[in-house]
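Peer 1: Note that the protein sequences, when read in sequence, are chains A and B. So the first sequence is numbered by our numbering: it starts at 16 and just counts up by one. So the second sequence is numbered by our numbering: it starts at 915 and just counts up by one.
Incorrect hints may appear among the rest.
[Said to hold, decoys possible] In silico DSS-like pairs for lysine-lysine, Cα to Cα no more than 30 angstroms straight-line:
(1) Lys999/B with Lys1092/B
(2) Lys1057/B with Lys1078/B
(3) Lys1078/B with Lys63/A
(4) Lys1057/B with Lys63/A
(5) Lys1057/B with Lys1011/B
The set of hints was computed from the structure by calculation and includes no laboratory data.
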Amino acid sequence: MSRDLRRAIQLMVVALLALPLSPVSALDHDNLDPNRPIGMEDAYAIPKGEIGLEGGVRFNDRREGRTRLTFQPQIIYGAFDNTQIEIQGDLFTEPRSVVGANKSGDLHLGVLYNFNTETLTLPAFAVRVEADLPTGVNSTGVDTQLTGILTRSFGRLRVHLNAGYTMIGSPQGQERPGAYRAVAAVSYPLGYPMSFRDTLIASIYTRQSDLRGQTNHTGVEIGIRHQLTSRVVLDGGLGTEFVGPSDRAALLGTVGVSVGF
Amino acid sequence: MMNIDAFMRCAATVITATIVLALAACSQFEPRDKRFYYRALWNFSLRDDLAELDSEFNGVDFGHSNLYEHLLLTGGNDVSAIEDKARQETLAFIATKPRLNPNEEAIAPTYMKLAWRAQNTFDEAHALHRATYDIVVSAEPDKDRAIRTVLAYYQDSAYAITSKRLDHRRLDQFAYSKAFRTRFPLFNATIWSYHYLQVAVYDPLQSARDLAAKTQAVRPILATYRHYLDQPPVAWTFMPLTAELSPIFAARYPELANIFDNLHMLHDNISDILTSERLPTWEAKRAEIYRVLNTYYLASADETNPMILGKSQEHHHE
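Between the sequences and the hints, there should be enough to build the whole structure, so can you do that?
Peer 2: This is the structure we're talking about:
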């Protein structure tokens, strides 16, 4: 295990231990948001009127290059019926080496709109529109992203498909002007019929590389969300990329917390 | 040749347009419309300060959803599946004394897809129930104002159940009525025991001065409720009513009492619909649940609702 990776894991453990353990109150652990803990989401917005504070630490132990940490603070708000708005600002270690749409310190604004709830014949559909404002390190243009989301359940197993396209406002050097991303994921509540506090999530994804001429990042992730108290959900996840550029992830890991009130 | 960027943009536009058109055209299109509970300092006071009672309500949440899922999946005619399996699962969950309310979409994924609008109506009424318990248990100095505030918040929703008195006798005389209690008397009595607990605690909680007194005041009711779980009161012929078990609360907040009684009557109607062979398909059950909900229960139907009792009319319970 590399020194960078050990340090990353130590930081994540410290972050987890610092979480509030007394009842404070619910982001529903079965309502899946991106990066909490893996890069997928379901088609449902948080309830109208709810405010969520989310945060996490993600490490990316790359096959080439130093391990990178990302801090992921986020505010989400159920602003309207079936609509949530999000404000986020990821912070990376080694911010000057980051390429692609999401630069360290960019102000990220997003809106998720859920068209419908799932019925016996219809899956749930949602659309997400996002913009990254160039407030971050080496960031020059406004990047935009459009994602379609589908959720369909089979018994307690829920299947989620996410497909999105990112347009880079001002690509630099060999950066692509745009890139697509596709995720297929499943989630399953653990413990029925005696416990309802954990949801297991697994995904497989592919996304175009940030730089032209490189192969897609393709990998798998698995994570769990745990309802700690009425208001607090903890999450943790692991992943790896088995196809991609030479600096693709050997091991990805995330720990985080969501507080709803 | 079209490059990949142009292709992806074109594909995204086509997919989005297809989804929008498909949803608009589909009779099963339903908005989700989840609404957060009224945010206040007294949120979760019951959970924090009177966990013994709160955990019983968490068990009640499990019981309703687990029943509906089993009724739907077994066609409402498998006595053992309901009276033994589903009921025992419910009692086992209650026995765990759950600290948090369960995820009802994980308990009843099929029922939620069948009748989300009805479930969302239940969710909002249950949130009102919870809010009133929280207020009564909390240190909120003006409980009366707080209760009226959460009532107004509830009534602002399109999913609010009417606060008018409904004719429960007539609501229990549809062609399929009483199917559930006739075929599954044990589970029906268990459901009525939940409703007993939900409304019987109001007067003792309101009359007790402090938390210690409130804790003591609900103990006899909890003991009675647990006895009912062991030996379901199958001799009862109608569900418990708020005015009978908490008359002071019902007199002070008649709108709340009516909402809770109507909520419990709606539970009985849906149990009957899911049980009855007169509605043989899931589509027919869904249509009837929505007809009953939209016509007789939602406050939005008040002006045309034939089940609303006049001021001089009494309930006609058996």
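Peer 1: Assess, step by step, whether the Cα of Lys999/B is no farther than 30 angstroms from the Cα of Lys1092/B, and give holds or violated.
Peer 2: Judged against 30 angstroms, a Cα distance of about 21 angstroms means the pair holds.
Peer 1: Given the hinted pair Lys1057/B and Lys63/A, is their Cα-Cα distance within 30 angstroms?
Peer 2: holds (25 angstroms)
Peer 1: With a cut-off of 30 angstroms on the C-alpha distance, tell me whether Lys1057/B and Lys1078/B pass.
Peer 2: holds (23 angstroms)
Peer 1: Holds or violated: are the alpha carbons of Lys1078/B and Lys63/A at most 30 angstroms from each other?
Peer 2: holds (27 angstroms)
Peer 1: Does Lys1057/B pair with Lys1011/B here, judged by a C-alpha cut-off of 30 angstroms?
Peer 2: Holds - the C-alpha atoms of Lys1011/B and Lys1057/B are around 28 angstroms apart, at most 30 angstroms.
Hint check: no violations occur; every hint is consistent with the structure.
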